[in-house]
Amino acid sequence: MAGRIGPVARVAGGAAAVLVAALTLGTLVAVAMRAEDAPQLGPADFAAIRFTMLQATLSALFSVALAIPVARALARRSFPGRGLLVTLLGAPFILPVIVAVLGLLAVFGRNGLISQGLMLLGFEPVHIYGLHGVVLAHVFFNLPLATRLILQGWLAIPAERFRLAASLGLSPRDVARTLEWPMLRAVLPGAALVIFLICTTSFAVALALGGGPRGTTVELAIYQAFRFEFDLGSAALLSLIQFAICATAALAVWWVDLPAGFGGGLGRVTERWAISGPGLRALDALAIGLAALFLLTPLAMIVAEGIPRLADLPASVISATGRSFAVALSAAVLTIVLALSLATLALGTRGWKTGAVEALAVLSIAVSPLVIGTGLFLVIYPFADPISLALPITALVNALMSLPFAYRALAPALAEAETVHGRLADSLGMRGWARLKHLILPRLMRPLGFAAGLAAALSMGDLGVIALFANPEQATLPMEMYGLMASFRMEQASSAALLLLVCSMGLFWVFDRGGRVRAAT
Amino acid sequence: MLQLEGLKVDLGAFVLRADLSVAPGTRAAVVGPSGAGKSTLLSVVAGFLAPAEGRVLWDGRDLSGQEPGKRPLSIVFQDNNLFPHLSVADNVGLGLSPSLRLSKDDRARVAQSLERVGLHGMERRRPAELSGGQLSRVALARVLLRSRPLMLLDEPFAALGPAMRGEMLELVQDVAAETGATVLMVTHDPRDARRLGGQTILVAEGVARPPVATEALFADPPAVLRDYLGPD
Amino acid sequence: MTSRLTRSVAKEDIMRLPVMTAGLLALAAPAMAQDQPVLRVLTYDSFVTDWGPGPQIEEAFEATCGCDLQLVGAGDGAALLARAKLEGERSEADVILGLDTNLTADAAETGLFAPHGIDPSGLDLPIAWDDPLFVPYDWGYFAFVHDTALEDVPGSLAELAESDVSVIIQDPRTSTPGLGLLMWAEAVFGAESEAWWQAMADNILTVTKGWSEAYGLFLDGEADMVLSYTTSPAYHLISEDDPTKAAAAFSEGHYLQVEVAGKLAASDQPELADDFLEFMLSDAFQSIIPTTNWMYPAKVPEEGLPEGFDTLIEPEDALLYPAEEADEAREDALAKWLAALAR
Numbered sequence: 001m002a003g004r005i006g007p008v009a010r011v012a013g014g015a016a017a018v019l020v021a022a023l024t025l026g027t028l029v030a031v032a033m034r035a036e037d038a039p040q041l042g043p044a045d046f047a048a049i050r051f052t053m054l055q056a057t058l059s060a061l062f063s064v065a066l067a068i069p070v071a072r073a074l075a076r077r078s079f080p081g082r083g084l085l086v087t088l089l090g091a092p093f094i095l096p097v098i099v100a101v102l103g104l105l106a107v108f109g110r111n112g113l114i115s116q117g118l119m120l121l122g123f124e125p126v127h128i129y130g131l132h133g134v135v136l137a138h139v140f141f142n143l144p145l146a147t148r149l150i151l152q153g154w155l156a157i158p159a160e161r162f163r164l165a166a167s168l169g170l171s172p173r174d175v176a177r178t179l180e181w182p183m184l185r186a187v188l189p190g191a192a193l194v195i196f197l198i199c200t201t202s203f204a205v206a207l208a209l210g211g212g213p214r215g216t217t218v219e220l221a222i223y224q225a226f227r228f229e230f231d232l233g234s235a236a237l238l239s240l241i242q243f244a245i246c247a248t249a250a251l252a253v254w255w256v257d258l259p260a261g262f263g264g265g266l267g268r269v270t271e272r273w274a275i276s277g278p279g280l281r282a283l284d285a286l287a288i289g290l291a292a293l294f295l296l297t298p299l300a301m302i303v304a305e306g307i308p309r310l311a312d313l314p315a316s317v318i319s320a321t322g323r324s325f326a327v328a329l330s331a332a333v334l335t336i337v338l339a340l341s342l343a344t345l346a347l348g349t350r351g352w353k354t355g356a357v358e359a360l361a362v363l364s365i366a367v368s369p370l371v372i373g374t375g376l377f378l379v380i381y382p383f384a385d386p387i388s389l390a391l392p393i394t395a396l397v398n399a400l401m402s403l404p405f406a407y408r409a410l411a412p413a414l415a416e417a418e419t420v421h422g423r424l425a426d427s428l429g430m431r432g433w434a435r436l437k438h439l440i441l442p443r444l445m446r447p448l449g450f451a452a453g454l455a456a457a458l459s460m461g462d463l464g465v466i467a468l469f470a471n472p473e474q475a476t477l478p479m480e481m482y483g484l485m486a487s488f489r490m491e492q493a494s495s496a497a498l499l500l501l502v503c504s505m506g507l508f509w510v511f512d513r514g515g516r517v518r519a520a521t
Numbered sequence: 001m002l003q004l005e006g007l008k009v010d011l012g013a014f015v016l017r018a019d020l021s022v023a024p025g026t027r028a029a030v031v032g033p034s035g036a037g038k039s040t041l042l043s044v045v046a047g048f049l050a051p052a053e054g055r056v057l058w059d060g061r062d063l064s065g066q067e068p069g070k071r072p073l074s075i076v077f078q079d080n081n082l083f084p085h086l087s088v089a090d091n092v093g094l095g096l097s098p099s100l101r102l103s104k105d106d107r108a109r110v111a112q113s114l115e116r117v118g119l120h121g122m123e124r125r126r127p128a129e130l131s132g133g134q135l136s137r138v139a140l141a142r143v144l145l146r147s148r149p150l151m152l153l154d155e156p157f158a159a160l161g162p163a164m165r166g167e168m169l170e171l172v173q174d175v176a177a178e179t180g181a182t183v184l185m186v187t188h189d190p191r192d193a194r195r196l197g198g199q200t201i202l203v204a205e206g207v208a209r210p211p212v213a214t215e216a217l218f219a220d221p222p223a224v225l226r227d228y229l230g231p232d
Numbered sequence: 001m002t003s004r005l006t007r008s009v010a011k012e013d014i015m016r017l018p019v020m021t022a023g024l025l026a027l028a029a030p031a032m033a034q035d036q037p038v039l040r041v042l043t044y045d046s047f048v049t050d051w052g053p054g055p056q057i058e059e060a061f062e063a064t065c066g067c068d069l070q071l072v073g074a075g076d077g078a079a080l081l082a083r084a085k086l087e088g089e090r091s092e093a094d095v096i097l098g099l100d101t102n103l104t105a106d107a108a109e110t111g112l113f114a115p116h117g118i119d120p121s122g123l124d125l126p127i128a129w130d131d132p133l134f135v136p137y138d139w140g141y142f143a144f145v146h147d148t149a150l151e152d153v154p155g156s157l158a159e160l161a162e163s164d165v166s167v168i169i170q171d172p173r174t175s176t177p178g179l180g181l182l183m184w185a186e187a188v189f190g191a192e193s194e195a196w197w198q199a200m201a202d203n204i205l206t207v208t209k210g211w212s213e214a215y216g217l218f219l220d221g222e223a224d225m226v227l228s229y230t231t232s233p234a235y236h237l238i239s240e241d242d243p244t245k246a247a248a249a250f251s252e253g254h255y256l257q258v259e260v261a262g263k264l265a266a267s268d269q270p271e272l273a274d275d276f277l278e279f280m281l282s283d284a285f286q287s288i289i290p291t292t293n294w295m296y297p298a299k300v301p302e303e304g305l306p307e308g309f310d311t312l313i314e315p316e317d318a319l320l321y322p323a324e325e326a327d328e329a330r331e332d333a334l335a336k337w338l339a340a341l342a343r
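Residue numbers (my numbering), protein chains in the order written: chain A, 1 to 521; chain B, 1 to 232; chain C, 1 to 343.
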């Protein structure tokens, strides 16, 4: 009798679905309805659409392709500090965009480490600006995510299969063909899709590194429609197009399951045989070493540039940090509530309804934050002062942005908990809160910790929606950092960036670790 | 008394019918070939599966539509009888309160029942720290505490060695005696059926037959049972 | 709230929900529970940060007005007009501060603003001022800022395009300096501006969303020059005692940015709003501007400009489109910009 869910769960799930739909599509409609003129798309808009798809496709392909050797090396090698490395490698993904861009430029910029090295040797400095710069930055952001997803796939191959392969004398090449390739074929399209979706809505990266209007993405075109032309109709239409690009991409890989278990444990190493040859060892060491160098050097630069002025950050930065924590924690709670409600609803429905719930949860990332913010503004304005609601709204929209990841982490774990333990709970009459407290939450500790950590970290560094509802008395840490930059105080801004990095990483680490420790059994 | 009245379970590929009653206090083994529907029968009684036709009655009361947790029965599965994240005491305590709101008195009863199944002082342990036999004992402690008039056992001791299985069966009998429960136990092993004493329900060829005395049944097994048991 | 068999939820569990909701709502700061009249001024974010003019100006005005002055940030300067349009006539704001002359015609067209009635004589602007709706509070020249170590500093826009010097500019679609450069090129080159932008293409390292990113990249040494203001070196000189930043004087003249404020017609505090606009031109306000907003005061205070401002270059020709012409030229100029650089 799977598919039976109680009325409270059904109402909660339904409410979550309606809320997510209202926030994504509803806000779009609100913006479109406010439009005065029929939308007009020009050649520049089509160029933006082409560039968006091109950079997102390239970013997804490179991220995934480069992640394969790294994930394989991490899956089969154990070495001291491996756990720490896996955690640190996840850092770029939760980094605030502007912080990451500055870190990247400290390495790859014209005055960065690499260029300085090259110039010492008499070569030209690196030119990072352009399509390749955008792709480089997106790979920096998403390589950790791709690695994590693929590593998950590797660790999901039962150890017995590798034992069987070893007993049959299969070479690493044979193992790749019979065990690893089928896994990759199942995992890669989903991983690539997730990254494609993330890169589609990219804006700040594309603008900073795109090298000019060539690097105009759809999201930037939406900004232009809003700010420059105040053409809400075009903004809504472009937002719809962005959504359609994402939906099409999602449909294109519908036949494979989206990657599940973002939150699974990556701590163990699959016991492997016949991989101790010096060639393979060197290859794995190289993959891990290069990935670590690529991902960690910019982080190190952020730390190095941030430390000098860390001690004399103004008091307002500290209170902004407190506010950011409040928003981040609220966003984490909201993300979990939404994801769990939707996952429960999906478990209780069948056929197209399940598909609709999953699509809703995953595609919420495809909607322009600017359109969501503006739509909310238009909807709320007649009833309340949006500025006084800035922080709760920010928390809500941030929760929406993290929802796809939280959902993908929680849904499979929830299904498994119900499959394995659901009957026992039924037979004991555990329902409602008792079931949630004593069965669901404890069984989901690991993905819950991961999802909450991710949501909190992403929210901590977000500047997207808060800017629209901004109130200086309620500035968050990213706003404060921008304020420092806008007042020429670049060095203090670097310190604020470091503080932001530490807070984001800290939040993620605490939640993720907490989830794992509490899920010890 | 348990009555299965004109029961028909339709699982697409296979159909199981049952029309039988089990007298109060009976200890009935449920035996039959693999895939014949023994576990399916228990699932219908427990309320995990809804029958296509017919009714399940307890003391003349129709149980249709009643949730598993509300039915007058306790069930022990082959595995996953305990929540791995809860302590032994909490796992047993769930039998008293599904939301684990336990009074001091309740806690004392939990400790008593654990002592009764030979797990004195193991309240704080986690399931992962217990042996297979101990896991079964915890599940039985909970059955004891719930004290429902019907006990369903779905091959609960299949993974235990012969000696341990014997001990467990004795414990089942003790628990049943204490609570006065009717027992239905699915098993593969005719020796288990015999050890349980009482009656046997033969499930084969899509039908669950009414219970008959176990000794008599094995003394003169029908053809399907003979095929299943194989040459001695 | 979420499980397969949720038929009932215990009462005390339902009680938990309001607690959570209250926690979320507590994030919404009330900030308006006073008996004093409230004057709400919508402006750009950097105006109201701790390091901008905002805090000092709030203190100075509140000392005399018997009111609560609320400075509300609405993102960056370019977002300000869009925000005013979104809020429309229902706006809670009384004054909008921070539009520039490239946007005033568009702003006037909305009909949201009321005449200020202030006598514009006595302003220290390089141009005459007679706008009935908007009062200027500061101004500056756009300029390319460079490190004094840079050799062969270009002396004009034309020379810049010919040179190998790398520059970082801001996107005119998202930033007011970006839009300023667009108009600058338009004022200097007119019909030839597209050709100039094409010649600039190899000089432009990248185009950022706002001033902060561009200036940050410049200070990190990414480019030789950055689009900013002639007054920017004053910050380095005065606040950091660093004389190594300079603005390049261009022979074609420099485009002017005049930042203005206007009173909203729908204001429920019209008199307070008038008082604020008057106050804006007083010494108390104007003396705060140079070292917080790093711009020239619209009306030089009695004590004069701070030391260090005398070292700044003073362009001979101030370029500025009249508001209506700026509005008309804007879209065409953007189209040319996109066409020249999108290749």
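It should be emphasised that the hints constitute simulated quantities derived from the structure, not laboratory data. Incorrect hints may have been included.
[To be verified] Mimicking DMTMM-like on lysine to aspartate or glutamate, the simulated pairs with C-alpha atoms at most 25 Å apart in a straight line are:
1. C:K299 x C:D124
2. C:K85 x C:D124
3. B:K104 x B:D79
4. A:K437 x B:D79
5. C:K85 x A:D37
6. A:K437 x B:D19
7. B:K70 x B:D19
8. A:K437 x B:D106
9. A:K437 x B:D105
10. C:K85 x A:E358
11. C:K85 x A:D284
12. A:K437 x B:E123
13. C:K85 x A:E305
14. A:K437 x B:E53
15. B:K104 x B:E115
16. A:K437 x B:E178
17. C:K85 x A:E124
18. B:K70 x B:D90
Hints and how they fare:
no.: 1; hint: C:K299 x C:D124; result: 5 Å, holds
no.: 2; hint: C:K85 x C:D124; result: 30 Å, violated
no.: 3; hint: B:K104 x B:D79; result: 30 Å, violated
no.: 4; hint: A:K437 x B:D79; result: 22 Å, holds
no.: 5; hint: C:K85 x A:D37; result: 15 Å, holds
no.: 6; hint: A:K437 x B:D19; result: 40 Å, violated
no.: 7; hint: B:K70 x B:D19; result: 23 Å, holds
no.: 8; hint: A:K437 x B:D106; result: 20 Å, holds
no.: 9; hint: A:K437 x B:D105; result: 23 Å, holds
no.: 10; hint: C:K85 x A:E358; result: 37 Å, violated
no.: 11; hint: C:K85 x A:D284; result: 57 Å, violated
no.: 12; hint: A:K437 x B:E123; result: 20 Å, holds
no.: 13; hint: C:K85 x A:E305; result: 40 Å, violated
no.: 14; hint: A:K437 x B:E53; result: 36 Å, violated
no.: 15; hint: B:K104 x B:E115; result: 17 Å, holds
no.: 16; hint: A:K437 x B:E178; result: 32 Å, violated
no.: 17; hint: C:K85 x A:E124; result: 48 Å, violated
no.: 18; hint: B:K70 x B:D90; result: 20 Å, holds
Of the hints listed earlier, those the structure fails to meet are numbers 2, 3, 6, 10, 11, 13, 14, 16 and 17, in rising order.
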